[in-house]
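Residue numbers (our numbering), protein chains in the order written: chain A, 1 to 353; chain B, 1 to 353; chain C, 1 to 353; chain D, 1 to 353.
A few of these clues could be false.
Taking lysine-lysine and the DSS-like style, the derived pairs with C-alpha atoms no more than 27 Å apart in a straight line are [as the list claims (entries may be wrong)]:
1) C:191 to D:311
2) A:191 to B:8
3) C:180 to C:191
4) B:311 to A:180
5) B:8 to A:311
6) D:180 to B:191
7) D:8 to C:311
8) B:8 to B:191
9) A:191 to C:180
10) D:191 to C:8
11) D:311 to C:180
12) C:191 to D:180
Derived from the structure by calculation, the hints contain no laboratory data.
There are 4 protein chains.
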Amino acid sequence: MVLSPHLKGYRPFDERFTFLFNSYYETLGARQPRPRRGMITRPALDEVYAYRAHIDQAVATLLGSRPTREVAELIELGCHHERRHQQLLLTDILHLLAQNPIRPAYRDPAPVSVETAVLPALSFTDFEGGIGEIGHDRVGLAFDSEGPRHRVLTEPFRLADRLVTNAEWMEFIEDGGYTKHLLWLSEGWAKALAEGWSRPLYWETRDGQHWTTTLRGFQLVNPTAPVVHVSYFEADASPRGPESGCRARAQRLDVDGNFLDLNRLRPKPAYPRKAGVQQMFGDVWQWTRSPFSPYPRFRAVDGAVGVYNGKFMSGQLVLRGSSCVTPPGHLRASDRNFFPAHTRWQFAGLRLA
Amino acid sequence: MVLSPHLKGYRPFDERFTFLFNSYYETLGARQPRPRRGMITRPALDEVYAYRAHIDQAVATLLGSRPTREVAELIELGCHHERRHQQLLLTDILHLLAQNPIRPAYRDPAPVSVETAVLPALSFTDFEGGIGEIGHDRVGLAFDSEGPRHRVLTEPFRLADRLVTNAEWMEFIEDGGYTKHLLWLSEGWAKALAEGWSRPLYWETRDGQHWTTTLRGFQLVNPTAPVVHVSYFEADASPRGPESGCRARAQRLDVDGNFLDLNRLRPKPAYPRKAGVQQMFGDVWQWTRSPFSPYPRFRAVDGAVGVYNGKFMSGQLVLRGSSCVTPPGHLRASDRNFFPAHTRWQFAGLRLA
Amino acid sequence: MVLSPHLKGYRPFDERFTFLFNSYYETLGARQPRPRRGMITRPALDEVYAYRAHIDQAVATLLGSRPTREVAELIELGCHHERRHQQLLLTDILHLLAQNPIRPAYRDPAPVSVETAVLPALSFTDFEGGIGEIGHDRVGLAFDSEGPRHRVLTEPFRLADRLVTNAEWMEFIEDGGYTKHLLWLSEGWAKALAEGWSRPLYWETRDGQHWTTTLRGFQLVNPTAPVVHVSYFEADASPRGPESGCRARAQRLDVDGNFLDLNRLRPKPAYPRKAGVQQMFGDVWQWTRSPFSPYPRFRAVDGAVGVYNGKFMSGQLVLRGSSCVTPPGHLRASDRNFFPAHTRWQFAGLRLA
Amino acid sequence: MVLSPHLKGYRPFDERFTFLFNSYYETLGARQPRPRRGMITRPALDEVYAYRAHIDQAVATLLGSRPTREVAELIELGCHHERRHQQLLLTDILHLLAQNPIRPAYRDPAPVSVETAVLPALSFTDFEGGIGEIGHDRVGLAFDSEGPRHRVLTEPFRLADRLVTNAEWMEFIEDGGYTKHLLWLSEGWAKALAEGWSRPLYWETRDGQHWTTTLRGFQLVNPTAPVVHVSYFEADASPRGPESGCRARAQRLDVDGNFLDLNRLRPKPAYPRKAGVQQMFGDVWQWTRSPFSPYPRFRAVDGAVGVYNGKFMSGQLVLRGSSCVTPPGHLRASDRNFFPAHTRWQFAGLRLA
């Protein structure tokens, strides 16, 4: 999409790699069917490095040759796309390592000290609601699915100042949350039964203690850290019952649209805010109930870039924020990550609203 | 849920029927797993009739005994629930008959005369948008999923005055709509490939003419009738290309919320309306892009009735209106029917917005 | 195969029934795919009776018209074929009734008195071995798979005088037979794990007692009756360990070929025979280790009759004898019934050799 | 099985490898479930080499310490077992490479010159039949499944002097062999339809010429070479129609038992033998119709070695001879290879009998 049409005299590293590394772009020609991807013997590691160097050098040449604005934007989009894959690589690596009973670690398997700090009390910030604007306004790069910017109506709501923690999730487990079908969506309950869910993905329980596989190895679950590797179905089932003494049920906010554009809404000034809403970025992706569907007046762009995100706008839910494996430069309030409701391998958790 | 707790001295027709006829109510105890339902030998037909008479008589007795308002409402809810199943029965009957190569008809298989009338031109009515209210206001019965009534913000939009027709669908087929992956959602394209979709469910093509199986037998497709038995995926892929000369693409309205509550919005007076928006009820259910999710402040009721619709609020899309097999008394503007996006056996079609 | 080609002026009851009731005969044209058979709405019961009467009358007419020997044999083959289906009907009926938690009985559900008689001791009859002849010799009707008659070499062997009983099977269960993988074939163990086998099909255990579903309803398992509804995998796993004190392991005879042609072999005269080998016919089909493969010089006949049994000569094992639901006239020493090794719904048990 | 119990002071290279590399030995403890094997990240290549060196050294030490006869035999059995895996490795490598559209070759992809030599005429050698002995007699090492030696009765038969060739297989294809259901076993036809078989595995047809993937790359099919990568179902369907003018149908010999022990039977001296039966070893494994079942009086040995082959004695057919990827030292007339009838990835072909 970039080098062949725009860099004069560019020669592909290997014509056959177009087929090998085409994940789903029907516009780019034939490709290996997804369920049989694992059957392909990959090029050897040094070949892959050589391929990468070949690409990097050609992109540098192209950038040095004063490309048009259109080409420059395409390259920038490519960099953002690669960042998405960087976090998927880490997500997949954890998943693979967790399948392996000899428990290899991605790096430094030193045990994390389990913090004994008192769990911060759950507090909420109130927001006024009203008509606001959300979506990317096309100043700077954004994925197609982040726009167009448009108006939304929000009713007044309260948002938890922090994420749901592992300690709170253990309470949910101890309360029999994974065994009470009335808490669950029908589809989620079927999935939970079929796959035998009884705790977050990667957790194991030994002598009454919860352990989990992380990129740093097999460790005790840290009670004050945000719960992670839970599906939307679990997120939906779990936080119905808030702390005792709290009459009103906390409900999760239908946050797509106003979650990360919060600064555009006004917190009620009367409420003491302490530090206000925390842990928005860099911990875990936060499930929302919003479907990943096109914003009003969304129009797919033509060509291979055009099928970028629009094609996936069915059967998935929006996640907001970012996780601990998201590259730092990749944070953008209007970004909408998306996965099916049963997804557990993602670094995803939840926040009450 | 009705007779055992509320009719004094009521004795079940057969204790074992609770198990046999429990479709999905976990609160009502054990039940046959869905995939193995077909393995159960049913009670004989006369037993089923006797069972029905037993129930009818007991309900009549209960109604004659001045039941509480709560019980009366429960019975009314039961009647509405039965109406839903009546249309599902006809939907299933068509599906079964269509599997049978000897093509039995549900009734009077006389061929419908294919109307030669000119297809009415496609016209649109404009609406102003703004903040309106939708959802059931709890005057008269409604399903739990129809409320609570709440405010929604709608941008100005145009709505087609009639449904998409079979003639228009044939154009979509002839334009290669079922072969152009760029028109389709990724999930829809995978399904279409896997199941070999090339026309609406039940259609067959012979000597260049389209035939279809209906409850009245195997018939020529009527070009001026609304297209029916298409999935959301097909609806989404199809109507992108508007009339020639029309620069702006028609987009389907994200209609859940304002579709059938249209009278609460004001059509722009400047537009000539002729007869205005037609075919809202009684033809085909109309796919919307809206997920079947809870309205703001939706709270599930406790008990078996409580799991009525809330449990299904994931992975499904809202359909609005009603179809030709919906019992007449079952029309309600706030009703939200719901099915997964791949559903084709329903009497569902589409309207441009 | 019979009436259309051979009865002058015969008119089919309904042309479409050829499709509907064609189970697997590719030579007879199109048919409903097996996994979707259950989707076909059947003709009504009175139509089915009328169809049967139509056929019976036509066959009677044909038989009265002095048919050729070839046609007469074809009709006789059809009668034998129908008898096979009669026992399959009863086998299927039991299977269906057993799925139904309200436990309908096929007939007279009076409980069978559980015999308290002492279990007859297990005795064996010795056979000399040598070269014998087996297979049908074409005097009288036989299925194609029963011939040609040919020579077989058998080593001396001992055959149990009675079938393995339910009491013995309970011992196998109590010995942990269903939990000791070393006893099982690899394929059988995988199946047993996947389907959770822990006793014969249809058995349930309540308060330490074994019950089972029979055509006469839900009953206590009779300890002295032959065990039934076990697969070949269970038969193979179970009887390795003989009575204590018996050093030599009893091995199951590779009996296809000499089992029911026993009278052609000579029992060693020195052994006292009492009543000799009992329960050969009319109790349960007896699994053998012999594959269902063609006898030497077997040649398939041309046409639809030709594909009668030869097509199934892979992946199945031979069963000998007959069961309690085999029509009495259907017993024939050379008959070879055949099923895959995992089959449990058949009335099949085992005999030690 | 060898080092831990028998080499004093032996320490495993890595305790966790026992789990990782346990393929199916339930006696050796837990293991990764087969369908999820591909999910395990393997140890790095240098670790694997170090592991191998560790084992080799320890075995050398053990052999140098004058082990008991039992231990020596166990080591020899291990060597034979490894040879089996060596040929499976090559079989799997070809399979993987053939999935890869960029067609990597295992070695030297120089095109094989397609021999233009005239196909040798098909001739047969006659054998007298009678009672012979087969099976391993326990002089020298053999797998458990090769014995006990026992008597078999064979009728006179004729055996083709060479294997079926690619040229003959092309005739079968051109005759519509893959489209004529009457030629096929029912189970085989279902498989062929489901997987779209129309030629041997790995074959592709371009401009009327057949190409195939080999360990040496993508090459024209050599007409005079033995056909390979066909299942038993294809072998069974194919060679029914012999040369024109040959009235009697050639039938495949039920060869297990006498195939490779041919020298124990006497060819009829009257027949001119030229070179006699050729291509017995080192070309392709030859399908037989014999089930892989225990020889008379076969007894499984106790322990992990005991489950060596006996556990697999169901649902598989015997193949005789050896293939081009069998290590030379691994040839033994009594060896019985075994695979399910649908297997195509093996280097397996056929010989007429």
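Q. Among all the numbered hints in the text so far, which are the ones the structure does not match?
A. Result: hints 2, 5, 6, 7, 8, 9, 10, 12 break, sorted rising.
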